[in-house]
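There are 2 protein chains.
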Amino acid sequence: MKRISVLGSTGSIGVSTLQIVAEFPERYRIVALTAGNNLDLLCEQAKKFRPIVVAVISQVDAGIVKKRLAGFQVEVCFGVAGMIRCASLADADMVVAAVVGAAGLIPTVAAVQAGKDVALANKETLVMAGGLIIEEARQRGVKLLPVDSEHSAIFQALSGHRHDDVRRLILTASGGPFRDLPAAEFRHIVPADALAHPNWSMGKKITIDSATLMNKGLEVIEAHWLFNVPATKIDVHIHPESIIHSMVEYIDGSVVAQLGIPDMKTPIAYALSWPERLPLNQPALDLCELGTLTFSPPDIQRFPCLGLAYHALDAGGTVPAVMNAANEVAVAAFLKQQISFADIPVLIERVMACHQVEDVTTVDRVLQADLWGRSRAKKFIAGGLK
Amino acid sequence: MKRISVLGSTGSIGVSTLQIVAEFPERYRIVALTAGNNLDLLCEQAKKFRPIVVAVISQVDAGIVKKRLAGFQVEVCFGVAGMIRCASLADADMVVAAVVGAAGLIPTVAAVQAGKDVALANKETLVMAGGLIIEEARQRGVKLLPVDSEHSAIFQALSGHRHDDVRRLILTASGGPFRDLPAAEFRHIVPADALAHPNWSMGKKITIDSATLMNKGLEVIEAHWLFNVPATKIDVHIHPESIIHSMVEYIDGSVVAQLGIPDMKTPIAYALSWPERLPLNQPALDLCELGTLTFSPPDIQRFPCLGLAYHALDAGGTVPAVMNAANEVAVAAFLKQQISFADIPVLIERVMACHQVEDVTTVDRVLQADLWGRSRAKKFIAGGLK
Chain A
1 MKRISVLGST GSIGVSTLQI VAEFPERYRI VALTAGNNLD LLCEQAKKFR PIVVAVISQV
61 DAGIVKKRLA GFQVEVCFGV AGMIRCASLA DADMVVAAVV GAAGLIPTVA AVQAGKDVAL
121 ANKETLVMAG GLIIEEARQR GVKLLPVDSE HSAIFQALSG HRHDDVRRLI LTASGGPFRD
181 LPAAEFRHIV PADALAHPNW SMGKKITIDS ATLMNKGLEV IEAHWLFNVP ATKIDVHIHP
241 ESIIHSMVEY IDGSVVAQLG IPDMKTPIAY ALSWPERLPL NQPALDLCEL GTLTFSPPDI
301 QRFPCLGLAY HALDAGGTVP AVMNAANEVA VAAFLKQQIS FADIPVLIER VMACHQVEDV
361 TTVDRVLQAD LWGRSRAKKF IAGGLK
Chain B
1 MKRISVLGST GSIGVSTLQI VAEFPERYRI VALTAGNNLD LLCEQAKKFR PIVVAVISQV
61 DAGIVKKRLA GFQVEVCFGV AGMIRCASLA DADMVVAAVV GAAGLIPTVA AVQAGKDVAL
121 ANKETLVMAG GLIIEEARQR GVKLLPVDSE HSAIFQALSG HRHDDVRRLI LTASGGPFRD
181 LPAAEFRHIV PADALAHPNW SMGKKITIDS ATLMNKGLEV IEAHWLFNVP ATKIDVHIHP
241 ESIIHSMVEY IDGSVVAQLG IPDMKTPIAY ALSWPERLPL NQPALDLCEL GTLTFSPPDI
301 QRFPCLGLAY HALDAGGTVP AVMNAANEVA VAAFLKQQIS FADIPVLIER VMACHQVEDV
361 TTVDRVLQAD LWGRSRAKKF IAGGLK
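Chains as they are written, first to last, in my numbering: chain A, 1 to 386; chain B, 1 to 386.
Worth flagging that the hints you see were computed from the coordinates, not collected in a lab. C-beta: ideal position from N, C-alpha, C; glycine also. There may be inaccurate statements among the hints.
What the hints assert, rightly or not - Here are the in silico distance ranges between beta carbons for each label pair: (1) Asp286(A) to Met1(B): 21 to 29 Å; (2) Asp286(A) to Gln301(B): 16 to 24 Å; (3) Arg50(B) to Pro283(A): 55 to 63 Å; (4) Arg162(B) to Glu136(A): 27 to 35 Å; (5) Thr361(B) to Asp93(A): 45 to 53 Å; (6) Arg138(A) to Asp193(B): 35 to 43 Å; (7) Arg138(A) to Arg162(B): 36 to 44 Å; (8) Glu276(B) to Ser375(A): 47 to 55 Å; (9) Asp299(B) to Asp180(A): 32 to 40 Å; (10) Arg162(B) to Val80(A): 38 to 46 Å; (11) Asn228(A) to Ala184(B): 52 to 60 Å; (12) Glu23(B) to Lys379(A): 58 to 66 Å.
The whole structure should be built from the sequences, with the hints applied where relevant.
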């Protein structure tokens with residue numbers, strides 16, 4: 001019986017995680033849940049899965065949840081301390097880190113420091129503080145199991161093969177809804193267009209990141225840290241069908257790939273069950289019915305965010321954290337229609353250009369860089385991106 | 001330094017094996033070579049690689065080779081005894097079994113019985129006597145390393161994953177030159193048409209087998225024995241580009257595949273170097289340049305040989321050996337224009353229909369079934385397939 005704490009239980013990954021746990025009650029038990037704004041769903045989940053503790057953002061929310069869960073034996077806590085409590089709970093064997101954005105960093109660090117194996121769905125943890133996290137995990141013998149379909153694919157394609165024999169990693173990208181849209185049209189994109197992802201059903205932030213290819217950029221950085229491979233050996237292929245989830249090329253020319261229908265349940269389940277697999281009730285991949293898989297190189301001219309991410313990884317130190325912060329602000333501003341879709345990379349690039357890179361020596365230093373990036377991005381927006 | 005005996009050194013696989021050995025002289029040394037009719041090439045190879053022993057088919061050929069290699073310290077032997085000598089040489093660490101057809105069975109059995117690891121390119125060994133060979137290899141701790149691109153792909157896709165989690169194997173097939181030809185046209189196919197394989201450069205026998213899909217049928221039977229998976233869990237996809245070399249589907253819906261350019265050097269090198277990989281000087285697979293991969297189900301109506309192979313595996317015992325024997329006779333007769341392309345499966349099916357299945361308890365029993373199948377096939381041909 002694996003005891004699991006789910007950070008971000010009401011988001012897309014959190015909900016799928018709980019579906020899997022519900023399918024395999026003899027294997028998994030939920031011991032903690034944390035959520036942001038969706039208190040209704042959190043309370044419903046708590047009633048169903050009976051965690052030891054739940055955490056929400058504010059004291060006010062905690063009061064509401066306590067009232068709704070009266071009669072249930074559950075501890076309700078809140079804020080960063082509440083998140084840390086859930087991430088480092090003595091009763092948890094594994095933490096599913098599925099909080100979106102920079103907010104996921106602190107609890108994920110807490111989980112690693114508490115020696116918990118982490119099913120890592122929060123990209124920003126490694127983007128912002130990859131070096132620190134990987135070293136901390138290594139020292140404590142903590143396993144970081146990727147939940148992203150791309151990193152799960154690479155993890156599976158590396159399994160059973162020698163790391164010394166890797167020539168390059170190839171991350172696939174659907175290319176998002178604007179894959180074939182001319183650059184001149186980018187100014188007219190409205191949030192509803194960008195939120196209509198062709199293959200994957202995901203949260204808003206990551207859907208916009210998919211449309212700009214920043215999502216793939218964050219994944220390149222994440223792959224660098226997870227698999228200890230330099231940026232020069234990480235390539236991206238546009239693969240609109242999202243069937244090959246990513247690949248590893250070896251020195252003999254052999255390429256090992258992991259494929260599947262585009263559904264997050266498979267990679268989430270693999271992170272939970274590794275090194276075993278769960279007999280999921282998923283429709284099988286039918287390549288004959290699909291008929292065709294296609295591939296093309298990414299267009300960095302139309303999608304500069306991918307280039308910015310490679311640049312950030314190359315620059316190192318605090319630059320990826322600053323880039324990520326600027327991107328979060330940019331995406332939020334786009335969703336509020338304060339800036340255009342085409343402005344997203346412009347804003348990020350401007351923020352990165354005026355950042356003085358520093359080494360990442362502590363999580364606090366990373367959080368300062370994050371705050372600096374956000375405040376600078378907001379200033380640029382307030383100034384009309386002039 | 002791995003010392004290698006190459007059985008069938010002048011064939012397509014043998015020549016590629018020697019190319020790899022020549023590229024990595026610090027890793028491999030050739031200790032034995034055997035050949036059929038191409039004495040010129042055998043002598044050239046012997047002068048270059050300086051084996052301890054070479055073997056040819058007849059005493060007359062051995063005399064010719066001895067004369068040509070006068071002055072070189074090399075033992076020249078012949079016949080089945082000569083092949084067995086090369087297969088079981090005390091100085092050999094590994095035997096590359098690359099003799100084509102049923103003739104490969106006896107020396108491969110000898111290699112396994114001598115405790116040599118075998119890089120297995122000869123399909124018929126497992127098709128005819130899979131149960132015996134696998135048990136013998138298990139008892140002696142012998143590794144059977146597949147050289148076929150499909151089985152190498154499956155071997156790589158299984159590596160690092162649990163056998164219990166396998167849902168099915170998916171072998172890919174190019175579909176051969178007549179993939180899209182209407183069945184009515186099959187009577188007009190001449191050997192030159194069938195020998196023009198779209199992707200792979202191979203020997204004549206295997207090229208015809210690719211055109212009839214019997215090659216894939218033999219591979220299904222081979223996969224059953226190599227990977228201990230029942231026929232019901234082995235599927236075939238037509239994949240004309242021959243880029244995905246085969247796949248393994250797991251119980252969680254995950255599919256692991258091995259891809260590469262269609263070149264036998266990669267799987268041969270993997271069998272030689274496993275569990276390491278060699279830094280081959282191969283052009284990298286460029287999926288973006290290729291653009292498209294396509295898949296479709298095999299058409300068993302137009303290509304009955306594939307169905308016959310499943311039937312033979314299902315029937316078990318001596319049936320696969322008889323099917324293989326009939327196929328070898330049929331292919332030879334087609335190449336001599338004694339029967340039509342459409343007659344190949346008709347002939348095989350007739351021979352199988354009049355065979356009384358027996359258990360395979362000894363190699364001799366298998367060889368008797370092989371002889372029976374050949375003689376019966378020849379009788380049918382002599383009778384004008386009436």
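Hint check for Met1(B) and Asp286(A) - Cβ pair distance inside 21 to 29 Å: violated, 47 Å
Are Glu276(B) and Ser375(A) spaced within 47 to 55 Å by their CB atoms? Taking Cβ atoms as reference, Glu276(B) and Ser375(A) lie about 51 Å apart, which means the hint holds.
Within 55 to 63 Å or not, the Cβ separation of Arg50(B) and Pro283(A)? Holds, since Arg50(B) and Pro283(A) (Cβ atoms, about 57 Å apart) stay within the stated range.
Whether the CB-CB distance between Asn228(A) and Ala184(B) falls inside 52 to 60 Å: holds, 58 Å
Asp180(A) and Asp299(B) - C-beta distance against the hinted 32 to 40 Å: Distance hint for Asp299(B), Asp180(A) holds at roughly 34 Å.
Against the range 36 to 44 Å, how does the distance between the Cβ atoms of Arg138(A) and Arg162(B) compare: consistent or not? With a Cβ separation near 25 Å, Arg138(A) and Arg162(B) fall outside 36 to 44 Å, so the hint is violated.
Determine whether the Cβ-Cβ distance between Glu23(B) and Lys379(A) falls within the hinted range of 58 to 66 Å. This hint holds: roughly 59 Å between Cβ atoms.
Verdict for Arg162(B), Glu136(A) (Cβ pair) under range 27 to 35 Å: Taking Cβ atoms as reference, Arg162(B) and Glu136(A) lie about 29 Å apart, which means the hint holds.
That 38 to 46 Å hint for Arg162(B) and Val80(A) (C-beta), does it hold up? holds, 39 Å
Starting from the hint 45 to 53 Å, judge whether the C-beta atoms of Thr361(B) and Asp93(A) obey it. Distance hint for Thr361(B), Asp93(A) holds at roughly 51 Å.
In this structure, is the beta-carbon distance linking Arg138(A) and Asp193(B) contained in 35 to 43 Å? Given range 35 to 43 Å: violated, Cβ gap about 60 Å.
Just to be sure I understand the hint, the distance between the Cβ atoms of Asp286(A) and Gln301(B) should be within 16 to 24 Å; is that true here? Since the Cβ atoms of Asp286(A) and Gln301(B) sit about 20 Å apart, the hinted range of 16 to 24 Å holds.
Checked against the numbered hints listed earlier, the structure breaks hints 1, 6, 7; every other hint is satisfied.
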